[in-house]
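Novice: If you read the sequences in order, they're chains A and B. Residue numbers for the first sequence follow my numbering, beginning at 1 and rising by one. Residue numbers for the second sequence follow my numbering, beginning at 1001 and rising by one.
A portion of the hints provided could be inaccurate.
[Said to hold, decoys possible] Chain A stretches covered by chain B per the calculated footprint, using a threshold of three residues with CB under 8 Å from any CB of chain B:
#, segment
1, 56-67
2, 83-93
3, 99-109
4, 117-130
[Unchecked claim] Computed beta-carbon distance windows for the label pairs:
#, chain 1, residue 1, chain 2, residue 2, range
5, A, 146, B, 1218, 47 to 57 Å
6, A, 99, B, 1155, 39 to 49 Å
7, A, 83, B, 1197, 30 to 40 Å
8, A, 126, B, 1245, 32 to 42 Å
9, B, 1256, A, 64, 31 to 41 Å
10, B, 1148, A, 23, 52 to 62 Å
11, B, 1197, A, 266, 56 to 66 Å
12, B, 1152, A, 194, 52 to 62 Å
13, A, 25, B, 1020, 30 to 40 Å
14, A, 194, B, 1197, 33 to 43 Å
Hints in this document: simulated from the structure, not taken from any laboratory. Cβ atoms here follow ideal geometry from the backbone N, Cα and C, with glycine treated the same way.
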Amino acid sequence: MEATKTAVKPAAAAIAVRDLTFAYAAAPVLQDVSFGLEKRAVGLLGPNGSGKTTLLRALLGHLPLKRGSVTVMGCDMARDPRGARRRIGWMPERGGILPGMSGVAMVAYLGELGGMPPTDALQRAHEVLNYVGLADERYREADTYSQGMRQRLKLAQALVHDPDWLLLDEPTSGLDPRGRVSMLELMRDLAANKGFGIILSTHLLADVREVCQEILVLRQGRLLSHGRVEAAPPGATAQFLVEGFGDEPAFQAALREAGLEAVRRERLLEITAPADAGARLVLAAASASGFALRRLQPRRETLEDLFYQLVDDADDARKD
Amino acid sequence: MPVYERGYRPWEHSGRRARAPWWTIARRGIAEPLKSRRLLFLLAVAWVPAIVKGGILYFTFQMGELSRLIGGKWTDIGPRGFLTYLGWQSPFVLILLAIVGSGLISRDRRENGLALYLARPLNVRDYVLGKGAVIMFYYFAVTLLPVWALCLFGYLVTSGATGMQMLLLIPLQALAYCLVTGAGFTLVLLALSSVGQRTVFVALWWVLLYAGTDGLAQIMSLFSPGLQILNFPGQFLNAGIVFFGGEPLCEVPPVLSLLVVLAYAALGVWVLRRRIKPVEVVA
């Protein structure tokens, strides 16, 4: 898994953010954040306090921006906030339940506020509550829902007006394992089969890995990385862990001749090679030097590796 | 049931028109308290003075000056008499608005509902207008509507042109008065509701402001009559002289009372502008 620089330029994107800068009092929370997103599932990652929720609020037009612009499906948030918000469904992390209403009444009410005629809103409320798995509980007071049901209800109200994008703030927060799996299944289905763009803000890397094709990594209000979560692209490098016996200096010399780098890590050799032809070159070098391989294992870079590497690099840069 | 079996289809627009966001908010806000039988009972009781006033109207039109000789100022059916009637409604305004208005914004703030509203295609003005319309509706229900109903009753029972002439301008005077004072009460109560997150405390502040300043001003005016200006509901009622005419109800000039009402409304707008935000931003 690897993050590569995005190919989507802000101007052509479904969501385009340019030079977004925002500060609470004197403390900067977002600094010069720019990116463009196509309609797909995007993970918004970052440690606590990195500005994830603030970025979502900025995408909703909730913040008085010092600088920058947000465009959603061609609607500029500053000039046409109603048009932009019509295309967004937001699922907040905290609260988000209107007291004193049944599930279906709340979703229909918010559908109407989303610009739907009353009859459409009511019909659609029933449909989305069925979709999120709350069909049997829709007439119950929302105040009495369990945490899992509340999260589903919040997803339903985000979906009801059929937006293009869903902004989900910690949607699996407080869920038991079964509830979490179910919520992830819904998000995956919405992004993969129903054509929604999703921005999933979370600090749970496993959730992002399950749902998203793209990631944005924030650290102290700055965008550290924006890339796709996919197999390594052509030209990228990969690591291989190698163990064997025979003439190791000759094997290392053959590797160098083939243009590969090898570093010893205790009992193993870590070889950096082109991702597309790495294994073949290592085998050729071993054959040429008479080195018997016992193990040739590609070392997969996980999302966790990538995330921690990015965050650590940013910390190091700050200390320097 | 697995997700793929539940089905999902995009919204197919029926072609019907959507309601204005403020009206959607107002409708819900008005309908919700009407589910309570206690509130319906209170509304019914609030119309009892109107029935009494209707009786006065009937006897005055039937007996003429004799009624005035028996009842004195109390039976006045002119504009000033209708302002007196609106004064009778003061306790109902206090209780009813405390019940329906205290939680309008505070509950949303407590449940992070404000951000939920403002994530929809509506703005702060729609939100405040919708919530304000709820308070205005209930205020009108115990002030303006009874006055209009009484005037209609008066037109029906009066036998001569004098009676008709006497009641002719009262509906318009009452409308102007209720619009101004209703807006003042609404903005003050919404401002209080936007400051707190606990409905019960907002209601308590409202009662203190309404009944507390009334009592305090009565005591203070023993030392200086001009201190009646501190009387919150008293100033709203005294401002009514500007619309209905007649002698001031206290030592404060009615125009000054009207300015006080407008100042309360402006204060309410100022608080609401600071408090109604999707995100609390420390400037």
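Novice: Confirm or reject each hint.
Specialist: Quick rundown of the hints versus the structure:
| no. | hint | result |
| --- | --- | --- |
| 1 | 56-67 | holds (count 5) |
| 2 | 83-93 | holds (count 6) |
| 3 | 99-109 | holds (count 3) |
| 4 | 117-130 | holds (count 8) |
| 5 | 146(A) - 1218(B): 47 to 57 Å | 53 Å, holds |
| 6 | 99(A) - 1155(B): 39 to 49 Å | 45 Å, holds |
| 7 | 83(A) - 1197(B): 30 to 40 Å | 32 Å, holds |
| 8 | 126(A) - 1245(B): 32 to 42 Å | 57 Å, violated |
| 9 | 1256(B) - 64(A): 31 to 41 Å | 38 Å, holds |
| 10 | 1148(B) - 23(A): 52 to 62 Å | 53 Å, holds |
| 11 | 1197(B) - 266(A): 56 to 66 Å | 58 Å, holds |
| 12 | 1152(B) - 194(A): 52 to 62 Å | 57 Å, holds |
| 13 | 25(A) - 1020(B): 30 to 40 Å | 36 Å, holds |
| 14 | 194(A) - 1197(B): 33 to 43 Å | 37 Å, holds |
Hint compliance for this structure: hint 8 alone is broken.
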